[in-house]
Amino acid sequence: MSADADVDLRVELAGIPLRNPVLTASGTFGYGTEFAPFLDLRRIGGFVAKSLTLEPRRGNPPPRIAEAPSGMLNAISLENVGVDAFVREKLPALPDGVVVIASIFETEIDRYAEVAKRLSGVGRVAGLELNASCPHVKSGGIEFGQNPAVLASLVRAVRRATTSPLLVKLSPNVTDIREMARVCEGEGADGLSLINSVQALEVDVERRRPVLSNILGGLSGPAIRPIALRMVWQARSAVKLPICGMGGIASAEDAIKFLLCGATAVQVGTQNYLEPAAAGAVVDGIRAYCARHGVRRVGELVGALETKRP
Amino acid sequence: MTQPALPIRTLAEVVSLSAEGASNYRLTLRVDGWPGFEPGQFAMISPGPQGAVPRSDPLLPRPMAVYRERRENGAAEIEILFKRHGRGTALLTGCEPGDRVALVGPLGRGFALPSGRALLVAGGTGIASVYELAARLHARTRGSARVLLGARSAADLMGASDFSALGVPLEIATEDGSLGTRGLVTELLEAALARDAEAHVFACGPTRMMQRCAEIAEARGATCSASLENPMACGFGVCLGCAAPLREGGFALVCRDGPVFDARAVAWEGLP
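Top to bottom, those sequences are chains A and B. Yeah, the first sequence ends on 1441 if you go by my numbering, and it's all consecutive. Yeah, the second sequence ends on 354 if you go by my numbering, and it's all consecutive.
So, partial list: chain A residues that the calculated Cβ filter (under 10 Å) puts toward chain B:
#1 L1170
#2 R1189
#3 P1194
#4 M1203
#5 N1403
#6 A1408
Derived CB-CB ranges, DEER-like:
#7 A/D1227 <-> B/L266: 53 to 61 Å
#8 B/E272 <-> A/V1336: 29 to 37 Å
#9 A/R1309 <-> B/A104: 54 to 62 Å
#10 A/A1216 <-> B/P354: 26 to 34 Å
Please keep in mind that the hints were generated in silico from the structure rather than gathered at the bench. Even for Gly, the Cβ is constructed at its ideal location relative to N, Cα and C.
Okay, chain B solo, but in the shape it has when bound (with noise of 0.2 Å):
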């Protein structure tokens, strides 16, 4: 893999803020000397819009996949999928086109491509997390990447026509059948798994949803990466909030170490 690339602080534009579904937004944003991104990596957005003076209350950023970018003569927007879920994301609700958010990114390490088939494995916001790994891996070979998506309810899923209009092969999975099979979409893996055990799955979402990921993943001798959502305050290594307990003993931080991990090195029962 290549080496990410430095990642910027800056106050980034905001271009347009739309409402999609129950309670999913999507953010674009104009960020100057953005310097690209690799699949799987993060922002910390500001909880809001900044005003004249910084807001201290909520006071930490919130760690957010990008979606994807566009870039055009030189500058660059990025998209990002949230929910809004806390104080925090109901002020980013509140933004409108010119107002500015704090944006320090892209941070982390994304997910590693396989060379063969994979398995995209994605609920409730973690979907935001595999778009551009299901874009780049659809754009190297057509067909190898099949991505199963999963949310509460039709209403709740975010992102299902991006991926639709990728022309990648695509499953959903809706707790109450709004959309798609009703029920889990570690099922829609496990059936997925059962047809081809040599794909590598990635997933995320949901703690207890990745972790039957990586069991199911197991179980079948597949490989499986997962990229973890702890909070944190930072987003480049120094506040150490975001430990993950490793298999082998000690903590990995998700923001530097991560966010992806090779699932069978995370100790899931001590993850919150």
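Bound conformation, chain A alone (with noise of 0.2 Å):
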């Protein structure tokens, strides 16, 4: 055997064991049995389901994407089944011993609550991820992300809501995540997930107009990962919850930049559209990574970024 089978990968994220630090994001796996065709999911440490409100939801006309340097905008505004359909139809979908966390966004905070009552004692939910940061949904998503105290009410009523493991998704379209992330700690999360797409614009020069219908859209992709990078490594040093680093991951390499910057686990997002196994090469490249520079357990790399002048 080689020495890659002497890693140990598994990690802790928010009290939801993993069986390695490697998630997908939500949005971009679907309910995940889209991936069946490309990827054992019991390979990755687990995935981040589409995010859920109340009813079902029609998101916008299109066109909803657009292309950007090394990245792309979205505007879907949260198209999804709904969490009911989610449990009854969704989960038992899935093969067993496959790690589900559920996200969960709403426009109201008692709406945000209720679904994460639907959601509380679902045996196949590991725990909830609250969008608080979608950039693109007028009557919510970036108000809650964008203001402390309104982020605060709805981490507490989210909070009385479940026992369940409870991270928080955080907006980057902030002056300081650090005050996010220390509301999101006094609140009672069990940790944070940063960061969601970037609020963009993209124009179409020879029509005049915005590409998108809904003229702003999230850019996500290898383009924000160095602004993502910078937001683990500060909200890192502001709370003690555990974080789960995302924004632009393509390859392990990307992968461990964010353990090195803090984060205890990550999400693959965009990459899944172009790449459909990619979390599980992911997986490969940190155990690889890790036989090479001598690292036993996966944990050691976390926060191990050396900022000290030589």
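Each of the two chains sits in its own frame; use the hints to bring them together as a complex.
This is how it looks when you write it as structure tokens:
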């Protein structure tokens, strides 16, 4: 056997034991089954399902996506089957042994809490990710993640509604991510997910119009990776909460950067679109990196970024 | 219709790349494990060859129709016909034999073969979607499928010689009159349906061309299937980027529910 086999990739994220630190990001992985032809979901740490609302939700009219340098904009507007259909139809379709984190989204605080309540005690749901940061739903999303007082009310209400492990996914569209991280810690969140997509605009000069029907969208992909690394590193210095890092991860090397900056686990997002087995390759690459560097437990890498001048 | 084969994700090997006409290209790929495809299905193709380090700019793969396939001793080669259009397709024109391109496919639900006669109307890169359909219909009943192809000029027309070689009844319209009838392919459809309103219409091409085909078919009481070409990031139902508005309200995903739709189900005015 190679040294690879000796590497312990297990981590615990916000009370959720994971076989390895590689998850896939909400909104880029459907309800999991779409990836069955490409990837054994038991190879990865788990996945965060498409954000769920109380009722099924229709998205925006086209165009919903636009390409940008090393990235893409999307303004889907959280189209989803609704929380009840997810529990009834989507969860049972998954093989045993797949760790599922449910992402929740709503436009009002009490509705957020209700979605959380309906997912509490559902055996297949290992934890919740509170999407406090969708950057393109006018009636919700951005306000929750951008205003510390509103964010506090939201986290408090959802915390009361569930005993499940609770991650809060933060918006990068803020002046100081540390302030938002402290709010989440103060209100009893179990961990942070960051970052969501970066609010952006793309323009069609021939038509002199925005490319997206929604005008604004969320930028994701490698273009935002250095921003995400900065925010993970800053949040890590501000709170003790474990962090799940994401933003433009395309390879194991990218994922390791997030671990070094202080993420306990990572999520692969946009890369799933172009390379549906990407998360599996990231797991293999992290294992190989650890073996090459004599790292016995992947947890040793978390926060191991050396910032002192030599 | 039989259940479509499960898609694969692989690095396909470039066998050849040749220019055809002004800005059209024929890419032949060797695809290990290729499960075969149904007419009208597509594949997501990386924007250019994949080097040692994955390319991030441009980032997204491009949906392209599978034109046809050739199988020998378990190995499969597929052909993709594409037009150099933007940065991604320009990078693809730099492929050399032996290069690798990332491929996910076959994807989507293709054309359901009709029992009776068929009119295949295609324009621009939409022509690439209907070759296999024409071949299968012609193989089943010679002469049951008539093909109408349109392009701006003779130099823009893709695949015409392949359709000629099949021996299907073929009509061509070019906007500048450099080949076939001067005018639009939709005018050929009007004339063809006037002669035979029983035929089922298959349309693939620019959105407004397909919308016009749908109107012409509806006016004649003919049924029409259209294969949509919306931009998409994944091709297998997760990015939700390729939503097409429906007449009954709501959206369908072009990649998962299509790309072929009953033209009457599509809210054409809502498509960009």
